[in-house]
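J.: What follows is each chain in one-letter form.
2 protein chains.
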Amino acid sequence: MTKSHVDLIISGDYLLPDATQQSLVKKGAVAINGDTITALGESVTILERYSTDRHLHTDYGLIMPGLINTHTHAAMACFRGLADDLPLMTWLEEYIFPVEASRTPDMVYQSTLLSIAEMIKSGTTSFCDMYLFSKEVARATAESGMRALIGEVLYDFPSPCYGDLESGFSYVDDLFEQYRGHPLISITTTPHSVYTCAPELLTRLGRVAEDHGSLYSIHLSENLAEVNTCKDRFGCGPVEHLHKLGLLGPQTLAAHCVALSDKDIDTLAEQQVKVSHCQESNMKLASGTAPVVRMLQAGITVSIGTDGAASNNDVDMFGEMHTVAKIHKVDRMDATAMNAEQTLYAATLGGARALGHQNKTGSLAVGKKADMIVLNMNQPHLTPLYNIPSHLVYAARGADVLHSVINGRILMENRILQTLDENKILDQMCIMGQSIAEHGKD
Amino acid sequence: MTKSHVDLIISGDYLLPDATQQSLVKKGAVAINGDTITALGESVTILERYSTDRHLHTDYGLIMPGLINTHTHAAMACFRGLADDLPLMTWLEEYIFPVEASRTPDMVYQSTLLSIAEMIKSGTTSFCDMYLFSKEVARATAESGMRALIGEVLYDFPSPCYGDLESGFSYVDDLFEQYRGHPLISITTTPHSVYTCAPELLTRLGRVAEDHGSLYSIHLSENLAEVNTCKDRFGCGPVEHLHKLGLLGPQTLAAHCVALSDKDIDTLAEQQVKVSHCQESNMKLASGTAPVVRMLQAGITVSIGTDGAASNNDVDMFGEMHTVAKIHKVDRMDATAMNAEQTLYAATLGGARALGHQNKTGSLAVGKKADMIVLNMNQPHLTPLYNIPSHLVYAARGADVLHSVINGRILMENRILQTLDENKILDQMCIMGQSIAEHGKD
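So the protein sequences, as listed, match chains A and P.
Here the working numbering is used: position 302 in the first sequence is 302, and no number is missing along the way.
Here the working numbering is used: position 312 in the second sequence is 312, and no number is missing along the way.
Pulled out of the complex, with its shape left as it was, chain A reads as follows (with noise of 0.2 Å):
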């Protein structure tokens, strides 16, 4: 039988094709075409049938999907650990927003490269952005070659990015028009919050939105401080207050979603919004613990963010997804709710619906895109090991990835970025934070 040629072969002990322990196929392999999956199956059948120039295989490599985080800022990476144990308004009016009055472009630029290469090095393949000064996020990005979904944040106030709100929506315009067709990079809108964009804002974005067939992605319900401002400012809370303003719907992202009522939810499910559920970051806030299950009753789509790095203080999906099984545990005082298979879902394909991405990534498929990390099985945290998605929720850390694959390019190969200079992005980096400690002395 000839064989066909496929540009790229990965194979290891195991692959996991999706959040399911059933899928599990031991000795597998994924045949690799440009950015596409050719086919996958046991290494066997897969090496028979396939030649390649490129083949990389692991011992003990388990290969699966690429995580996908939902909700973050990655150019906040710089204030890491800047400014911790405090709540969400103190940390908010009092740290962030004064450091970043002085933003420049460059220091986006530079902490997006931070965040990025953090991300790959702990698994996530795609990730969906919201910040200032978003052009320097896109074009970080698209050097990295990781897949991200990108919008420049509007609010009332003027920003250090585009000056006044007009400037901001001809900023967003001009993003659009620029990633038009991109491979990896798509724009979305994203208004800010209820609290912090007038309903023109948000009800013109949405115009936008639709004109583009883009996400309308937005920070919703965080805390019960968010639902009582909009109470005394629009008479009820922030779901209802967007629905009002036919601003929900199947292209809306909603991230937090922390203070629902039931009346909420059912809103929510009714208007098939999309969750991104940021747990480390609520927590860290003390903004209180999303009511998932509830969700998921209800027939939400729930994905996983990690929010900026700022608030976390990491953008490892893995440690997310450990906080995410467990807490929903406690809060519900039930220890069978949120398995391990169900938040392993959460942080893939629940990801992949969340961004309209399912017919692309978030499971390993023939036809979908090349998104897959390997991982290291073989470690004593790892070991034995009875089921792989009980370990991957539960064991397994960032730094258990060895590979990187995005869009069908290996963008880590053990452990070594393969488009990023990780020293030079460090090194920047310190020097970056010394300034801004430097600064906040001031």
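It should be emphasised that the hints constitute simulated quantities derived from the structure, not laboratory data.
Don't take every hint at face value.
The list makes no distinction among identical chains, and a pair is therefore deemed to hold if it is satisfied within one copy or across any two copies.
Derived EDC-like pairs (lysine to aspartate or glutamate); straight-line CA-CA distance at most 20 Å [what the hints assert, rightly or not]:
| id | residue 1 | residue 2 |
| --- | --- | --- |
| 1 | K26 | E48 |
| 2 | K135 | D164 |
| 3 | K26 | E438 |
| 4 | K27 | D59 |
| 5 | K26 | D59 |
| 6 | K26 | D427 |
| 7 | K231 | E100 |
These figures come from a predicted structure and were not determined experimentally.
For chain A, the structure is supplied; the task is to place chain P on it using the hints.
T.: Chain P alone, transformed into the frame defined by chain A:
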């Protein structure tokens, strides 16, 4: 000036002698003679005053006290991921007790080696263990060179280790005899709990502890079911029950302490009982969240334990700190609760105090035992660096630990274990895991 000779000098870009940012020494070093810290401070000073044949320097390295895990069951590592997402009693009675019934000394020995490998690789330098076949636990520990307190768990029903209870007491006597004067291993008395030990057993073990001046370590008020069982049997909760039996005191190490009344907290504080807080296990088994903030306010020494890998599912104290610092914020809806320094203290000097080792371990000081770890801080998730306790609690992971020194001996260098054969341990545990999995199918 003539230099004094020391056995070992450890140096790095950062030296954090205790759990506070204030203690930070930039470009620091520790001089070690035998098992003891001779001097510490700025590298330039230490290297001026001391010569050595063995100088382990790490660029970007952070030298800090090793972490102290005050409650674990090391030999349960072989059950990691065997049964998840189940309530405590179902998990114990339907999964753990049945597989434990057929445990052999060799399984305990091998599993302990695995857990010790994981502990060293994630920064723990001493631990307090409670399990069956504890002579095997002690043998594995002695071989590894780790510091530990080890106890044979006693309960009313026959043990697969010692058989009837009378033999259990002889087994404990043997243990005390065997390890008298051991430089690294101390023996503790370890009744399982108030719901598995009759009052006579509890008090008799109390006398054994008194005779040997040992710790009295017990699971206490782990969940509401335990409290209710105790109330049904003895007319009061577990804390009051032990108190009435005269078994609470400064040598009592109570693990879990989740379901506590205000009066219980007062009693624990008055009796100077030490607490081992095992939050991840308490979350995974939906036991609840221990009132740690209130315990600390009452003046109780709170330390941190991982519990066994079967209910965690790792023994990574960095992960545990991460969870501890965050859960109490959301549990109390107070972002200032359990700040980074408090959490780091609980995992270092708090742990040492819980084990009665405060003059030996838990911080780096002249005359203390040389138990320390060195982390690689030159990584994306630890950059930039504003505050070291923040990074250690909110961003660092076990895999960041490069070197481990225990009792003046290098047990890990550049992540290679020096006293244990990691690959051999992993191979043997894979085989054991297959056998346990097959046994589970019977």
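J.: First find the shortest C-alpha distance between K231 and E100 inside one copy, then the shortest across copies, and answer within, between, both or neither for a cut-off of 20 Å.
T.: neither (28 Å within a copy, 56 Å between copies)
J.: Should K26 paired with D427 be assigned to within, between, both, or neither, using CA atoms and 20 Å as the limit?
T.: For K26 and D427, only the inter-copy Cα distance (17 Å) is at most 20 Å; the intra-copy one is 41 Å.
J.: Using 20 Å as the alpha-carbon threshold, which applies to K26 and D59: within, between, both, or neither?
T.: Within one copy only: 12 Å inside a chain, 41 Å across chains, cut-off 20 Å.
J.: At most 20 Å between CA atoms: does that hold for K26 and E48 within a copy, between copies, both, or neither?
T.: The answer is within: 16 Å in one copy meets 20 Å, while 57 Å across copies does not.
J.: Within a copy, between copies, both or neither: which one fits K26 and E438 at a CA-CA cutoff of 20 Å?
T.: Between. Shortest inter-copy distance 17 Å satisfies the 20 Å Cα cut-off; intra-copy 53 Å does not.
J.: Quick one: K27 to D59, C-alpha cut-off 20 Å, is that within a copy, between copies, both, or neither?
T.: Intra 9 Å, inter 39 Å, cutoff 20 Å: intra-copy only.
J.: From the Cα coordinates, with 20 Å as the cut-off, is the pair K135 and D164 best called within, between, both, or neither?
T.: Answer is within: at 17 Å inside a copy they meet the 20 Å cutoff, but 72 Å across does not.
In terms of the numbered hints stated before, the structure departs from hint 7 and from no other.
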